[in-house]
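Here the protein sequences come in this chain order: A and B. So that you can map any letter, position 111 of the first sequence is 111 in my numbering, and since no number is skipped, the others follow by simple counting. So that you can map any letter, position 63 of the second sequence is 63 in my numbering, and since no number is skipped, the others follow by simple counting.
Bear in mind the hints are in silico, worked out from the structure with no lab data behind them. Check before you lean on any hint, since a few could be wrong.
[To be verified] Here are the simulated lysine-lysine pairs, DSSO-like style, with alpha carbons at most 30 angstroms apart:
| hint | chain 1 | residue 1 | chain 2 | residue 2 |
| --- | --- | --- | --- | --- |
| 1 | A | LYS96 | B | LYS55 |
| 2 | B | LYS55 | A | LYS108 |
| 3 | A | LYS108 | A | LYS96 |
| 4 | B | LYS58 | A | LYS96 |
| 5 | B | LYS54 | A | LYS96 |
| 6 | A | LYS96 | A | LYS55 |
| 7 | A | LYS96 | A | LYS109 |
| 8 | B | LYS54 | A | LYS108 |
[What the hints assert, rightly or not] Here are some, though not all, of the chain A residues that point toward chain B, as calculated from beta-carbon distances under 8 angstroms:
| hint | residue |
| --- | --- |
| 9 | SER65 |
| 10 | LEU66 |
| 11 | VAL71 |
| 12 | PHE76 |
| 13 | LEU78 |
| 14 | ARG83 |
| 15 | PRO85 |
| 16 | GLU86 |
| 17 | ARG130 |
| 18 | LEU134 |
| 19 | GLY136 |
Note that the Cβ used here is the ideal one computed from N, Cα and C, for glycine as well.
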Amino acid sequence: MSEIDLHLQEVLGRAEEEAAQDGSATIEAHHLLLAIAAGPDPALTAAGLDHAALKAALRREFEHSLSVAGVSLGDFDLPPATRDPERRLGLGASVKLALDRMARAHRKKDLRPGHLLIAVLQAEAGTVPRALALAGVDRAALIDRVRDGLAGR
Amino acid sequence: MASEDPADALAAVAALRRLADQLEDAAVEQAMRAGWSWPQVAEALAVTRQAVHKKHAKRLIAAGVTLRRRA
């Protein structure tokens, strides 16, 4: 198995854990980003996005988006649901889009871990760009920093 | 809606779906722990008994909830 395949397998495995903790039925792009941040990833860390900071940013995005519809998370106090430890989660649409972007941009033999992060960060709509914007992160500058890292700059 | 921005409205829909999924898991577990049957829970959610069973049975068995067979 190639290095990039090992990396993808490891990150997707970690992302599945993030999705399960989240009570999500599918693995989404923000779970993939959390998995990469847990690495940790130098470019994300430099942007102030370690795993805990990213998790807090995603929580704010969730609360902010709910508030647009007049819903507050604090209004619900049901006990958390028990998870099925055996359940395997499938890839959600946002992860498939990121993987497609990555596959279209590079030949397989040229792929490196940073390319996956760039593909996740390139989403123009959805949870990831909204959470980063709310956290005050300049997404374009972050993508440039990952590219610099790939180029050894 | 508290926003004119379509991005906000679409994000609200996505967030509400996530919240509804989380609430469904919690509410079904709470009902089954309280002794509700599958047909009762299915009727309350307006879905088929098969759908609610398929979605939640394994999880609740793993959680050690005693499941009633009949209404």
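- Per-residue hint verdict: ARG130(A), partner chain B, C-beta under 8 angstroms: Result: holds, 6 angstroms to nearest chain B Cβ.
- Task: With a cut-off of 30 angstroms on the C-alpha distance, tell me whether LYS96(A) and LYS55(B) pass.
- Result: Holds, because 23 angstroms separates the two Cα atoms, which is no more than 30 angstroms.
- Would you check the hint for LYS96(A) and LYS55(A), treating anything up to 30 angstroms between C-alpha atoms as holding? holds (21 angstroms)
- With a cut-off of 30 angstroms on the C-alpha distance, tell me whether LYS58(B) and LYS96(A) pass. Given pair LYS58(B), LYS96(A) holds - Cα atoms ~27 angstroms apart, limit 30 angstroms.
- Message: So, as I understand it, the hint says VAL71(A) touches chain B; can you test that by seeing if any CB pair is closer than 8 angstroms?
- Response: With Cβ-Cβ at 7 angstroms, under 8 angstroms, it holds.
- Message: Min Cβ distance, SER65(A) to chain B: is it shorter than 8 angstroms?
- Response: Status holds, d = 4 angstroms.
- Given hint LEU134(A) near chain B, where the shortest CB pair must fall under 8 angstroms: violated (11 angstroms)
- Query: Taking the least C-beta to C-beta distance, is LEU66(A) closer than 8 angstroms to chain B?
  - Reply: holds (5 angstroms)
- Compare the distance between the alpha carbons of LYS55(B) and LYS108(A) with 30 angstroms, and conclude whether the hinted pair is satisfied. Outside the cut-off at roughly 37 angstroms; violated.
- Message: For LYS96(A) and LYS109(A), compute the direct alpha-carbon distance and say whether it is at most 30 angstroms.
- Response: holds (20 angstroms)
- Task: May I ask you to test the interface hint for PRO85(A) with respect to chain B, counting a Cβ-Cβ separation under 8 angstroms as satisfied?
- Result: holds (6 angstroms)
- Given hint LYS108(A) paired with LYS54(B) - CA-CA distance at most 30 angstroms: With a Cα-Cα distance of about 38 angstroms, the restraint between LYS54(B) and LYS108(A) is violated, given a limit of 30 angstroms.
The structure shown violates the earlier hints numbered 2, 8, 18, 19.
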